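Residue numbers (my numbering), protein chains in the order written: chain D, 1 to 783; chain Y, 1 to 163; chain H, 1 to 289.
I should point out that these hints are in silico values taken from the structure, not numbers from a laboratory.
A couple of the hints might just be wrong.
Here are the simulated DSSO-like pairs of lysine-lysine, each with C-alpha atoms no more than 27 Å apart in a straight line [to be verified]: (1) 304/D to 93/Y; (2) 35/D to 154/D; (3) 595/D to 567/D; (4) 93/Y to 16/D; (5) 492/D to 16/D; (6) 433/D to 492/D.
This one's a predicted model, so the numbers in the text were calculated from it and none came from an experiment.
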Amino acid sequence: MSPTREDLDGIGVRVKRHEDDRFVRGRGRYLDDIKLPGMLHMEILRSPYAHARLRAVDASKARALPGVVAVITGQDLAAHNLAWMPTLSGDTQAVLATDKVRFQGQEVAAVVAESPYIAKDALQLIEVQYEPLPPVVDPRKALEPGAPLIRDDKPDQATNHIYHWEAGDRDATERAFREADRVVTLETHYPRCHPAPLECCGCIADVNPATGKATIYMTTQAPHVVRTVFALVTGYPEHQIRIISPDIGGGFGNKVPVYPGYVVATAASLLLGRPVKWVEDRTGNLTSTGYARDFHMKGELALKGDRIVGLRVRVLGDHGAFYADAQPTKFKIGLFHIVSGSYDIPAAFCEADGAYTNKAPGGVAYRCSFRVTEASFLIERLVQTAAYELGVDPAEFRRRNFIRKEQFPYRSAFGWVYDSGDYHRALDLALEKLDYARWRRDQEEARRQGRLIGIGLASFTEIVGAGPSHTFDILGLKMFDSAELRVHPTGKAVLKLGTRTQGQGHETTYAQIIASELGIPARDVEVQEGDTDHTPYGLGTYASRSTPTSGAAAAVVARRLREKARKIAAHLLEVSEHDLEWEPGRFYVRGAPEKGTTIQEIAFAAYTNFPPGLEPGLEDVCYYDPPNLTFPFGTYAVVVEVDRGTGQWRPLRVVAVDDCGVRINPMIVEGQIMGGLCEGYGIAAMELITYDEQGNCIGSTFMDYLLPTAWETPRFELYETVTPSPHHPLGAKGVGESATVGSPAAYVNAVIDAMVHAGVRNIDMPLTPDRVREALERAGLAE
Amino acid sequence: MERSVTVMVNGRTHTASVEPRLLLVHFLREVLDLTGTHVGCDTTSCGACTVLLDGVPIKSCTFLAVQADGRQVTTVEGLARDGELHPVQQGFKEEHGLQCGFCTPGMVLVAKALLDETPDPSEDQIRWAISGNICRCTGYQNIVRAIQWAARRLRGEPQEVGR
Amino acid sequence: MYPPPFDYFAPTTLEETLDLLARYGDEAKVLAGGQSLLPLMKLRLASPSYLIDINRLPGLDVLDDRPGSGLRVGALVRHKTLERSDLVHRRYPTVAACAPLVADPLVRNLGTLVGSVCHADPQGDWGAVVLALDGHIVARSLRGERRIPASEFFVGPLTTILQPDEMVTEVHLPDPGPRVFGTYFKLERKVGDFATVGVAVHLSFQDGRVASPGIGLTAVGPTSLRARRAEALLRGQRLSEALILEAARTAAQEADPSSDVRGSAEYKRQVVRVFVTRALRQALAAQPA
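So that you can see chain D by itself, here it is in the shape it has in the complex (with noise of 0.2 Å):
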C-alpha cells in the first residue's frame, strides 16, 4: 500500500538527477549567462611584478577610450575606506594596490565600460610607475633576519612570520622518541596547486539608486557569509544586500573567499548607478585567487618494534602575501591535525608557522577539508616509508597500527573524538579487490624482466562536517547550516537550505531525504539554495559539509514536520496520535492498518481541516549546529608502471573503497569519489603553480597548469563498506572530498614502490616525468 524507498526515490536509490535537464540542453544558468539591462563589464589590470612600490597610476588615457565609462584606482577605493578588506582569516587584504604590489597578477586598477572588448583595450592605456623591490619567494628565506618585509601596511608586523601555532602533547611526544627505538623521518613538500574549476570566478553587482537594494549575483559556495561580510566591511545594511549564487561551475573551495573583483565590481555599480559585471579570465584565476596547500612538511614517526609510539611533525605554511585562508578561526592551519590519521597513536604533536611571501594568497581550497589533504598525504607517506624501513609490507604495517573498530568513539592524542570506523574492513576489500598478493608476485617478476611495477596504498581517515559551535566559527559566524520545509496544500514541497551546491547534486539529493522521511516523492520536492533573501542563513558548501550539516538539518526538520502532520492525521482519523503508526508518506491506525491517510491528505488538511488549537500550515527551520564532526574513511590501492627511460608512469589499476556512512544516492557518492581520484592523479602527476626567483608566476594558463583529459585518465573500481556516523541523524557522513583527501599518496606510493628496492625513498609531488627520471638515475635505474 505503501510506495516503496524506490516509487518516493528515497535514501539509497540511484536517483537520477533533477537538475540534469537544464545542463544538457544548456540551459544552465551561470553567472556570465545573466545578463541586466544597462549592464557594464568591467576588467582587471594586475601587477606584472612580484614586489613594487607603487608610485603612480595614471588612468586618463583609458578614461579617454570612447566606450569606456570609469577607471577605478586603489586611491579612489582609499578616499571611501574600501582600499583594504578583511580576509576570512583575520587578515587584511588589498581590493587594489595603494602603496605596494605584493604578488604578480594583483589587483592594481579596473576599468569599467561597455564591452569587455573595450575595457581589455583600456587596461593597456593605464600608466602604472613601478618602483621594483626585491621579491621573496622562498618562505624559509622569508623568515630569516633581514628578509624584506613584505607587509610594512601593517603597523605591528615586523617580519614575514604570521602565525605560530601547536597541538598535541609537546612533552608526552618528546618522551615517546626518546624511548622509541626507531624514528623514521619524511621530508616533503605539497606543492602549490588550484582548485581550476572549468568556470573562473565572477559577481554581477547591482546596486539599484532607486531602492538602495544592492543585488550581488555572484560565484560563491557561501552567499550568506558574504553578504555578512560584506555588510561589515562597507557599513551598508545588511537587508539591503541579496546575494545571489546561480548555476556555479564547479567550486573547489575556489569561490569560497571574497574576491577584490566582488568588492570593486559593488563600488563601481554604486559609483555608477548600473549593473557591472565582473569576470575574471583563466589567467586572473590562477595568478590571483585561492590556491591550495603549499606545505613544507616534516614528520617524524617514533618506532617500538612495529608499532607507532609516537607522531611529531613541523609544518612551515607558504601563504603569499595575505593571510586569506577560509577556514575555522580557532585553528591556524585548518584540521591539519588530523595528521595522525587512522592510526593508534599514543603521543602526538604538530607545530607549524606560516610565512608571507611575494605570491597569490589563500592556501585552503581544491578539496583539502580544511589542509586534511595536507595531513593525510603525509601521514601516509610516513607510514609507507616506516614500513620500507622496518621491512614490513606497507598494508600489513598499517594493519598492526590501525585504530581498531572496538576502539570507536576513539579520541585521538590531537583530541579530535573519531564518530566510527572500521579501518581494517576497508583495507582487507580493497586488497582482495586489487588482488594484491598477485601483483606483488608480478612485480617480482616484471622486475626480473628490467621493468618496474610499483603498488601502492593510502588508508585515509577524512575529518568532515564542520563544525560543532562549541568550536568552529568562521569570522565569529557558527558553523551551523539550516533547513526550511515547507509543504505545500497539494502535497509537493518546497525545501530551502542555507547550502550551495556546485555539481554535487543538492536538488537531487536533499529532496530524497525529504523522501525517506516524510515520504513525499523526490521528485515532489523543490530544492532551493543560494539566494540569500529566499533561504535560511547557512555557511555553505564547502570542506564536504554540506550532508553532514544541512543533511542533518533536513532529516530533523522532516521529523519535526512529520510529528506536526501526526497530530493532523489523529485529527482526520479520529483517534490519538498514540495510536498511529507511520510507513513513508502515510499513518494508519495501530492494528486496522486499512485505516490510514496519506502525508498528500495531511498537507492538505494543514490548510483546510486542522485541529482546534493547532496552527495552520505544515512548515518549519532547523538550524543543526552538528555534535561533532564526522569521519569518512577508505583505502585506495593503485598499480603504476614506470618508464625507466622517459620517467613516465601510468596507473594499471585504481582500486577506491570508501565509506562515508549511509549513501543518500550512491551514484552521486560514486561521481564525487571518481572526481576525486582524477584530482589526486592530476596532482600526483602533474598539477603545479611555482614562481621563479623574480616572482613570476609559472603556472598561469591551462598551457602550464595541466589538468588531465580524459586519456590520460586511469579507470577506477570503486568499492565501498559501510559504517554509519553514530550522531547523525541518518549515519551519513559526507564524501565530496574524500578522493581528493586520499589518493595522492596512494599513487605517489605506487611509483615509489616501483622503484624502493633501489633506494628511492622520495620524490616531491608533482611526480613529473623528469623528476622521476631523475630519482632513477640517482638509483641507478634509468635506461
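Use these hints to put chains Y and H onto chain D, whose structure you have.
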C-alpha cells in the same frame, strides 16, 4: 571596421554586423543569446566552448565570427528536437555524466560528432575523442558511460541492466 | 581573451591574397586554421593590423602524391585530414605517426600542417617531421615562387626565412620509396601539452642498408633541429644494436635544449637518446630478416 556575417545556427539564419575581432563564442553568447556554449580558459586548452562547424567539433573561442560567414554552426541548444533530448543528452542524464554541467555542452557535441562517424566506438576511441575537453568534476568515467549509453541507443540496442 | 582590433580580408583568389600581402607586408598575418595565431592574439602577444583569411582560396587543400614526385600538402590541409589519410598511412609513416599527436582532436580539426610550419614554434611537431623528410616549402608572392628547403626555412624561434609579402601554398615531402620506416615519438605530460621532447625518425632502406636517414628533433633547440651527425653515422650502414646506441647518443649531443619547468637540459637530452634508440630498434625489428 565592422563586417556583415550571415551564419546558420541551429538551423536558423542570423545576419549581424560585427567587429572582425569578435570571437565566435562571444557572437553566440552575446549577440545570439545562446549561452549554452561556455568559456573556461584563455589559451584554447579546455574545450568548454566546443561547437559543431558544419558538423565538425571546433573550439569556438579560437575562431572568429567573421570566419563563420556562410557556414553552419550547431550549439548544444540545437540538439534537442521539439524539446526531446538527443540520445547523447539523454545518455548524460542516464549515466550521471555531469556534475556542475559546465563542460557538458562541449562534451555532448563532441560525443554527437563521434557517434555520427563511429557508431560503435571503443572506450579508447571515446577517451581519445574527448581528450580536447577538460572536466574537473566527473573524472571522465561516467562521461564514457554516457557516450556508450547513447551509442547503444542510436544503434537500437538494449542498455546494460542494473548497476 | 579578447584580441586587439584589426582589419580583416577574406580573398577568393591567390592573386588577391598576394596583392594584400604585398601591400600590408609585416603588418599582416595569414589566417588558415588560426590555432596558433588566434591564441597569441587573444593573449595580446601578437597584434597584426590585418588578417588575411585564406580559407576561401581554391585548391589549397590539395593532398596528393604522384609517383616519384612526392607528397603535396596544401596550405589548407588540416591535421585531421593527415591523421585519416590512407595515402599518408601507406606511404608516409612519419607523417602518419605525428598527425594524431598534434595538439588535441578539436584543434586538429582546424589547424594546418603548413600553418604550423610557418608558425615555426620550436615546440611544434611538424617542423621536425618536415626536416627529417627533407621537405621543401613552396612560397608564393607577387614576385614569383620559390622552393625553400626545410633545412633553410627555420631561422629562429617563431621566425622563418619567409619575406613579409610571401605566403606558403604548400609543403612538399619527397617520395621515400617502397622500403620506408618512419615514426614520431612525443613526450607530452598530457594531451594538448606542447612537446617536452619530440623525435621524428624517417629512414628508407636499400639492399638492407640505411638510405636517406632523417632524424628531426622537437623542442630541444631554438628551432626544430636535424640530428645530422647521427644521420651520417647511419647512412649506408646496416642497423645493429651498437650502431643504434651510438646514433642515439650522438643525436642527444646534437640537441640544444634549455632547462625549464618541463625538465633540465640534460633530462631532455636523455629523452632524445631514449626516443632515437626506441625508434631505431623498431626500424631494425621491422626489417625483413
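Results of checking the hints against the structure:
Between residue 304/D and residue 93/Y, the direct Cα distance comes to roughly 54 Å. Violation of the 27 Å bound is thereby established for this hinted pair. About 40 Å separates the Cα atoms of residue 35/D and residue 154/D, which puts this hinted pair outside 27 Å; it is violated. The straight-line distance between the Cα atoms of residue 595/D and residue 567/D is roughly 16 Å, inside the 27 Å bound, and the hint therefore holds. As the CA atoms of residue 93/Y and residue 16/D are separated by approximately 7 Å, the hinted pair is consistent with the 27 Å bound.
A C-alpha spacing of about 19 Å is found between residue 492/D and residue 16/D, which places the hinted pair at or below 27 Å, so the restraint holds. For the proposed pair residue 433/D and residue 492/D, the alpha carbon gap of about 44 Å is over 27 Å, so the pair is violated.
In the structure shown, a violation is registered for the earlier hints numbered 1, 2, 6, in ascending order.
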